[in-house]
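Going line by line, the protein sequences match chains A and B. For the first sequence, the tail end lands on 431 under our numbering, and the numbers increase by one without skipping. For the second sequence, the tail end lands on 682 under our numbering, and the numbers increase by one without skipping.
Misleading hints may appear alongside valid ones.
25 Å max Cα-Cα, derived DSS-like pairs, lysine-lysine [said to hold, decoys possible]: (1) 44/A with 422/A; (2) 645/B with 459/B; (3) 584/B with 659/B; (4) 529/B with 394/A; (5) 414/A with 529/B; (6) 352/A with 414/A; (7) 394/A with 567/B; (8) 233/A with 335/A; (9) 335/A with 352/A; (10) 394/A with 43/A; (11) 584/B with 567/B; (12) 422/A with 529/B.
The hints are simulated quantities; they were obtained by calculation from the structure and are not laboratory data.
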Amino acid sequence: MSSVSTKELIHAYVQLPGVLRENFKELRSQAKENLDTCAFPTKKDEEWRFTDLKSITSNKFESVDTGIAQADLELDEYHLPEAMSSRLVFIDGNFSPSHSAIEGMPDGVIVGNINDFPEHEQLRSHLGTMTNYEDDVFVPLNDVNFQDGTFIFVPKETVIEQPIHILNVFTHRNNPHFVTPRVLFVGEMYSKATIIEEHIGLSDNVYLNVPVNEFRLYSGAHVHHARIQRDSKNASHISRPVAMLDAHAEYHSYTICLGSKLFRNEPRVIQNAEEVDFTVDGLVLIDGEQIADTHSIMDHRFSHGNSHQLHKVVVNDQAHSIFNGKIFVAKDAQKIDSFQENRNLLISDTGKVNTKPQLEIFADDVRCSHGATIGQLQDEEVFYLQSRGLTEQKSRELLVYAFALESVESMAVKSVEELLLKEVIAYTNRD
Amino acid sequence: MLEIRNLHAVVEGEELEILKGVNLTVNKGEIHAIMGPNGSGKSTLSKVVSGHPEYEVTEGTILFEGEDITEMDADERAHLGLFLAFQYPVEVPGITNKTLLREAYNTIARANEREELDPLEFEDYLVSKLEIIEMKDEFLNRSINTGFSGGEKKKNEIFQMAVLNPRLSFLDETDSGLDIDALKVVSDGVNKIASPENAIVMITHYQRLLNYIKPDFVHVMMNGKIVKSGDISLAEELEANGYDQMQKELA
């Protein structure tokens with residue numbers, strides 16, 4: 001594949017209306033420079049060698065008009081009962097005030113659209129500071145283009161009880177287009193919040209979804225972050241979620257990949273002070289010709305950090321899963337306890353799995369364990385259930401369900417757990 | 432109830448016969464014991480009868496309640512009332528005993544046009560069966576056999592048997608690896624389940640189990656065939672003289 005310029009693939013990143021372009025001008029102009037100089041990745045790049053980007057490169061993506069979101073769109077079925085007054089909805093990237101509901105937040109808390117707070121000190125001082133992806137076109141693409149987005153600020157010692165639901169909806173819009181959702185979360189000392197970030201495609205159209213998240217957790221802040229990807233089956237989704245943690249902060253993230261033709265997720269958690277605790281779990285359920293690729297970095301730069309990553313994958317049909325989990329431990333970052341496991345279940349003869357744990361440890365007093373397994377359903381397990389009266393199909397379903405369930409159980413929000421159980425059952429029943 | 436006629440079987444895709452013409456008749460209310468040395472085919476017989484896909488029947492028939500089940504899938508045989516207590520019960524992390532049993536019980540009920548039990552009724556029913564194997568309620572919510580001791584696994588097999596209430600049960604080496612206390616609990620459980628309406632076939636290497644569960648018939652299996660049948664005295668003879676002696680006599 002010859003190298004293609006990002007410009008050719010993804011059009012019109014300068015068409016933002018003046019007022020939006022004026023916001024975050026510095027960030028955008030720097031990003032535009034990067035975008036102009038960086039080539040779009042190909043399989044020749046080490047970090048992309050297993051990932052077929054055809055679903056992006058075979059299209060040209062237009063930007064979505066900025067403006068009013070579809071106010072009459074019926075979205076009730078996607079609302080979470082726990083988040084009826086803590087919900088932000090974005091439709092094809094545009095903030096929809098009529099679908100959103102933010103009420104009863106504790107004093108000082110901000111949960112809203114980024115564009116309503118362009119001069120906010122916390123926003124200005126954090127936005128774009130954590131997303132240091134090397135030779136990357138996707139973060140700059142988001143930087144240059146994001147219009148609306150989520151800004152959450154939780155002041156010192158403040159707890160937001162209800163989960164905040166960030167719902168990104170993609171309608172049946174026809175021409176291939178790209179959307180750049182953005183989230184900035186700032187949690188001050190000993191604050192606490194739960195974030196459910198969801199991406200839902202309402203039809204099977206072609207689009208490119210390029211979300212960028214920045215989570216800054218100051219000392220003692222706790223965040224649960226669930227990410228649910230149910231994009232259109234012809235969509236491509238390239239994610240850049242970053243979290244940066246100060247001392248005693250805890251960040252527990254859980255990503256579920258169900259939709260999209262191509263999913264590339266690059267979560268990074270940066271230990272920015274001593275004694276932090278974080279989780280980067282994932283569940284991937286793919287079939288057909290789906291590609292799901294997770295390239296994660298758990299970056300321990302200081303001592304006494306605990307990190308945990310359980311990445312579970314079920315592959316059916318010709319689907320392809322890629323996992324590259326990096327654990328970095330800096331030279332003076334002693335007493336790190338890091339666990340990583342990638343477990344793959346192949347339920348077809350034609351599925352494909354590439355898995356690569358990658359540990360780069362420069363300290364000498366650390367405990368890092370990692371493992372990767374690729375397995376199939378055991379005939380003996382199927383027979384055992386079948387001998388109890390379950391059909392072969394039901395036995396297989398139950399075994400896949402059990403495999404996936406182990407990670408689902410760690411979800412913090414009840415209705416999300418139920419949603420996932422339904423999705424897992426639906427997955428095991430797909431033709 | 433069960434009639435096995437001239438049963439020959441191989442491991443799927445291989446040529447070597449493991450069962451070489453087994454004949455066995457089991458009637459309602461009877462308890463049978465099949466004894467034999469390692470590799471005699473006795474465990475294979477129990478798997479073939481319960482429909483293990485690893486084996487292929489090359490000759491002969493298995494009739495259950497007059498119906499030819501030789502080619503049936505394992506679940507269909509279970510619906511008719513066949514049960515296999517595994518020698519090595521399979522661990523299934525993530526699925527609780529309760530989930531499996533409810534699914535199994537209701538699937539069998541549907542297949543027989545009997546009433547299914549709702550979750551509450553089923554819970555009561557399960558709890559009522561726990562005493563058979565002297566286990567506590569929390570047993571129900573543990574993942575199937577996951578992290579169970581050898582004894583717990585075997586108790587779980589008997590518990591499943593009690594819950595599913597089969598007409599004919601094969602107990603494959605249910606005594607192996609059990610200490611004396613666990614053996615007593617397991618065999619007490621089997622004795623409580625045994626009734627004039629069902630039948631049990633025990634597969635065992637040693638006579639020990641037969642001290643606790645009294646068989647009406649004892650069969651000796653060697654080299655893929657039942658070579659001798661009799662009553663409990665046959666087991667005593669084996670215990671005293673060993674399989675080698677019997678093999679010599681038969682030769």
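Now the hints, each set against the structure:
Simply put, residue 44/A and residue 422/A have alpha-carbon atoms about 39 Å apart, too far for the 25 Å limit, and the pair is violated. Of the pairs offered as hints, the one joining residue 645/B and residue 459/B holds, with about 15 Å between alpha carbons and a cut-off of 25 Å not exceeded. Between residue 584/B and residue 659/B the CA atoms are separated by roughly 31 Å; this puts the pair beyond 25 Å, and the hint is violated. Using a Cα cut-off of 25 Å, the hinted pair residue 529/B and residue 394/A holds, with the two alpha carbons roughly 16 Å apart.
A C-alpha spacing of about 21 Å is found between residue 414/A and residue 529/B, which places the hinted pair at or below 25 Å, so the restraint holds. Simply put, residue 352/A and residue 414/A have alpha-carbon atoms about 33 Å apart, too far for the 25 Å limit, and the pair is violated. Between residue 394/A and residue 567/B, the direct Cα distance comes to roughly 28 Å. Violation of the 25 Å bound is thereby established for this hinted pair. Under the criterion of a C-alpha separation no larger than 25 Å, the hint pairing residue 233/A with residue 335/A is inconsistent with the structure, at around 43 Å.
For the hint linking residue 335/A to residue 352/A, the alpha-carbon distance of about 36 Å lies beyond 25 Å, and the restraint is violated. Restraint check for residue 394/A and residue 43/A: not satisfied, since their Cα atoms lie roughly 39 Å apart, outside the 25 Å limit. With a C-alpha separation of about 14 Å, the suggested pair residue 584/B and residue 567/B falls inside the 25 Å cut-off, and the hint holds. This hinted pair checks out: residue 422/A and residue 529/B have alpha carbons roughly 20 Å apart, not beyond 25 Å.
Of the hints listed earlier, those the structure fails to meet are numbers 1, 3, 6, 7, 8, 9 and 10, in rising order.
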